[in-house]
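So you can see what is in the structure, the chains are spelled out below.
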Amino acid sequence: MLTALKEETYKFCHEQIALLGLLVLLVTTLYSTLTKTINKSTLLFAFGAIEWIPVIIIAVGAAFFEMEYDNKTIVMLLYKNSSKLKIYLAKFLVVFCYSIALALGAILLTFLLSLLTVPGQYHWLAYYQGHTILTDLLLNLFGAVIYCFFIVGLSFMLIMLVKANTVVICIGLVLAYFGASFSTALMHTFPTAVGILKWNPLNMIFISQQLTRGSFALKSNLTNFQLIIATVVYGIIFGLLGYYLFKRRRV
Amino acid sequence: MKNSQEVLELDNVCTYIGRTEIVKDASFQIKAGDIIGLIGPNGAGKTTVMKTILGLTKFTGKITMSGAAITENNHHALEKVGALIEHPAIYPFLTGEQNLELYSHHHQDMVKIISELGMDSYIKSKAKGYSLGMKQKLGIAIALLNNPKLVILDEPMNGLDIEATIGVRKLIKKYADRGTAFLISSHILSELQKVMTRVLLISGGKIILNQSIGQFEAISHQKYKLTTENDEQAEHLFKTKGINFKKQKQYLIVGQEDIFKIQDELAKKKLHLKEMLPIEANFEQIVVDTLNKERD
Chain A
1 MLTALKEETY
11 KFCHEQIALL
21 GLLVLLVTTL
31 YSTLTKTINK
41 STLLFAFGAI
51 EWIPVIIIAV
61 GAAFFEMEYD
71 NKTIVMLLYK
81 NSSKLKIYLA
91 KFLVVFCYSI
101 ALALGAILLT
111 FLLSLLTVPG
121 QYHWLAYYQG
131 HTILTDLLLN
141 LFGAVIYCFF
151 IVGLSFMLIM
161 LVKANTVVIC
171 IGLVLAYFGA
181 SFSTALMHTF
191 PTAVGILKWN
201 PLNMIFISQQ
211 LTRGSFALKS
221 NLTNFQLIIA
231 TVVYGIIFGL
241 LGYYLFKRRR
251 V
Chain D
1 MKNSQEVLEL
11 DNVCTYIGRT
21 EIVKDASFQI
31 KAGDIIGLIG
41 PNGAGKTTVM
51 KTILGLTKFT
61 GKITMSGAAI
71 TENNHHALEK
81 VGALIEHPAI
91 YPFLTGEQNL
101 ELYSHHHQDM
111 VKIISELGMD
121 SYIKSKAKGY
131 SLGMKQKLGI
141 AIALLNNPKL
151 VILDEPMNGL
161 DIEATIGVRK
171 LIKKYADRGT
181 AFLISSHILS
191 ELQKVMTRVL
201 LISGGKIILN
211 QSIGQFEAIS
221 HQKYKLTTEN
231 DEQAEHLFKT
241 KGINFKKQKQ
251 YLIVGQEDIF
261 KIQDELAKKK
271 LHLKEMLPIE
281 ANFEQIVVDT
291 LNKERD
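For the record, the sequence lines run as chains A and D.
Number 34 in my numbering belongs to position 34 of the first sequence; there are no gaps in the numbering.
Number 231 in my numbering belongs to position 231 of the second sequence; there are no gaps in the numbering.
In short, the hints are calculated from the structure, not lab data.
Hints are supplied without guarantee of correctness; some may be wrong.
Claimed, not checked - Straight-line C-alpha distance at most 25 Å; calculated DSS-like pairs for lysine-lysine:
{"no.": "1", "chain 1": "D", "residue 1": "K149", "chain 2": "D", "residue 2": "K80"}
{"no.": "2", "chain 1": "A", "residue 1": "K247", "chain 2": "D", "residue 2": "K24"}
{"no.": "3", "chain 1": "D", "residue 1": "K128", "chain 2": "D", "residue 2": "K112"}
{"no.": "4", "chain 1": "D", "residue 1": "K128", "chain 2": "A", "residue 2": "K163"}
{"no.": "5", "chain 1": "D", "residue 1": "K247", "chain 2": "D", "residue 2": "K269"}
{"no.": "6", "chain 1": "A", "residue 1": "K84", "chain 2": "D", "residue 2": "K62"}
{"no.": "7", "chain 1": "D", "residue 1": "K58", "chain 2": "A", "residue 2": "K247"}
{"no.": "8", "chain 1": "D", "residue 1": "K194", "chain 2": "D", "residue 2": "K173"}
{"no.": "9", "chain 1": "D", "residue 1": "K58", "chain 2": "A", "residue 2": "K84"}
{"no.": "10", "chain 1": "A", "residue 1": "K6", "chain 2": "D", "residue 2": "K80"}
{"no.": "11", "chain 1": "D", "residue 1": "K225", "chain 2": "D", "residue 2": "K247"}
{"no.": "12", "chain 1": "A", "residue 1": "K6", "chain 2": "A", "residue 2": "K84"}
{"no.": "13", "chain 1": "D", "residue 1": "K174", "chain 2": "D", "residue 2": "K112"}
{"no.": "14", "chain 1": "A", "residue 1": "K6", "chain 2": "D", "residue 2": "K128"}
{"no.": "15", "chain 1": "D", "residue 1": "K247", "chain 2": "D", "residue 2": "K293"}
{"no.": "16", "chain 1": "D", "residue 1": "K80", "chain 2": "A", "residue 2": "K84"}
{"no.": "17", "chain 1": "D", "residue 1": "K223", "chain 2": "D", "residue 2": "K270"}
{"no.": "18", "chain 1": "D", "residue 1": "K261", "chain 2": "D", "residue 2": "K241"}
{"no.": "19", "chain 1": "D", "residue 1": "K225", "chain 2": "D", "residue 2": "K246"}
{"no.": "20", "chain 1": "A", "residue 1": "K247", "chain 2": "D", "residue 2": "K62"}
{"no.": "21", "chain 1": "A", "residue 1": "K163", "chain 2": "D", "residue 2": "K58"}
{"no.": "22", "chain 1": "D", "residue 1": "K261", "chain 2": "D", "residue 2": "K246"}
{"no.": "23", "chain 1": "A", "residue 1": "K72", "chain 2": "D", "residue 2": "K58"}
{"no.": "24", "chain 1": "D", "residue 1": "K24", "chain 2": "D", "residue 2": "K62"}
{"no.": "25", "chain 1": "A", "residue 1": "K72", "chain 2": "D", "residue 2": "K126"}
{"no.": "26", "chain 1": "D", "residue 1": "K239", "chain 2": "D", "residue 2": "K268"}
{"no.": "27", "chain 1": "A", "residue 1": "K72", "chain 2": "D", "residue 2": "K124"}
{"no.": "28", "chain 1": "D", "residue 1": "K239", "chain 2": "D", "residue 2": "K225"}
{"no.": "29", "chain 1": "A", "residue 1": "K72", "chain 2": "D", "residue 2": "K149"}
{"no.": "30", "chain 1": "D", "residue 1": "K249", "chain 2": "D", "residue 2": "K274"}
{"no.": "31", "chain 1": "D", "residue 1": "K80", "chain 2": "A", "residue 2": "K72"}
{"no.": "32", "chain 1": "D", "residue 1": "K126", "chain 2": "A", "residue 2": "K6"}
{"no.": "33", "chain 1": "A", "residue 1": "K219", "chain 2": "A", "residue 2": "K198"}
{"no.": "34", "chain 1": "D", "residue 1": "K149", "chain 2": "A", "residue 2": "K84"}
{"no.": "35", "chain 1": "D", "residue 1": "K149", "chain 2": "D", "residue 2": "K194"}
{"no.": "36", "chain 1": "A", "residue 1": "K6", "chain 2": "D", "residue 2": "K124"}
{"no.": "37", "chain 1": "D", "residue 1": "K128", "chain 2": "A", "residue 2": "K72"}
{"no.": "38", "chain 1": "D", "residue 1": "K80", "chain 2": "A", "residue 2": "K86"}
{"no.": "39", "chain 1": "D", "residue 1": "K58", "chain 2": "A", "residue 2": "K86"}
{"no.": "40", "chain 1": "D", "residue 1": "K80", "chain 2": "A", "residue 2": "K247"}
All figures in this text were calculated on a predicted structure; none of them were measured in a lab.
Given these sequences and hints, build the entire structure.
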């Protein structure tokens, strides 16, 4: 497993997509800085990075797996390894770790951009509705990382299913922009079925905001704990489905 | 340093894609130092045989590598197998050297292969800029890493120029002399003929012939061309005696199996042979004839 992990990390570090993801994060946060009024909320959500990290991860995850098929290296990868699970897990871990790295990068970027745009205006350790801004920023990024676990599973499952990066990226964008509102609308339309509908996977998008804004629980109809557990469980389910499809995919 | 140590054995192997049987009951052995040419028409199952050996397809029967079983889920026995299947397995965002490093266990061995294949001048540049031939050489280099016992090469000469082709051929022979076995498929039969020691002919998923190259050329379809002092009379004689022949320019072409009968019959009719020469076996023709015979 360690060898597979080393190989996957080596490939990932040398592939431009990792750098490109970081660049997208930089550009989108800069865009938010230049186009939006900067307030506490902007800082809590890391200048929009909370929304963009999952989108980047779905694209990177799909591209990182599909390149093995595009470059025909999958044949080598499969015959040199007895366990497909090791290959799959190594890739999963690498992309998930990348999402953590992006979250850490987002923290640094938030510090830097706040220093440049609103110097001294907000104190990171000052209490705001019972939490410091720093705690809320970290909580939101924690939510984003948990959501990324869900997204890596989804991305791997989708790429095994549709075998086209662009389609997976489109699905990712649709999820990011319309997923939450679609889920809310669904629960509004069928209020009697909320007990079941609140567990729909689109509802998990709330995790990146609800941890610091309790009012979102009224939209998601889930507690923070339920949301975290459900997001992880969905990540595992999607991951397992992706693995099943990977095992069956012909080379 | 050739020896007769068995490297690979396939025993009644059938490969399935979905429910379709692609390889039918394949059984053969590969010994150390063997260079096996896997020949067959498009869609005969050559690549599937190779993929099956690499544990990439569902199969029944038994495959063993140096006595250890290979299954779809157990590839430990494949540690000493190098392969180039269909396309070189190359990461374009890595340099040639980094691609090799990804699989290499011995740095010195890797450096030697780079030099042997004449890749020194471009090995440190990104593989995405490589030509087809350069990629192919890199794919072959990857297959030769870590002193493999068996190397499986699917169309290795694809995209190679003459110089590179000669180089690869020499390298294959060199590794085979050291005991590495090769299973090679190629459409360029003349090229394959120059290196292989055995022929495996496959058609419709079935191994229809497994012979040493010498046996294959000598026994298969050797023909003779002859002229007599009266060819018209000789033709009439052959027809009446049921001897198969073809007329080609001034010669009558006959099969080796009829030579003694022909000499006997001509002597009885007091017809003297003017000339009788063996026709050099054309490898491609032999293959085509054998495949046609199988289809009939």
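(Q) For each hint given before, does the structure comply? Return the numbers of the non-compliant ones in rising order. (A) No numbers; nothing is violated.
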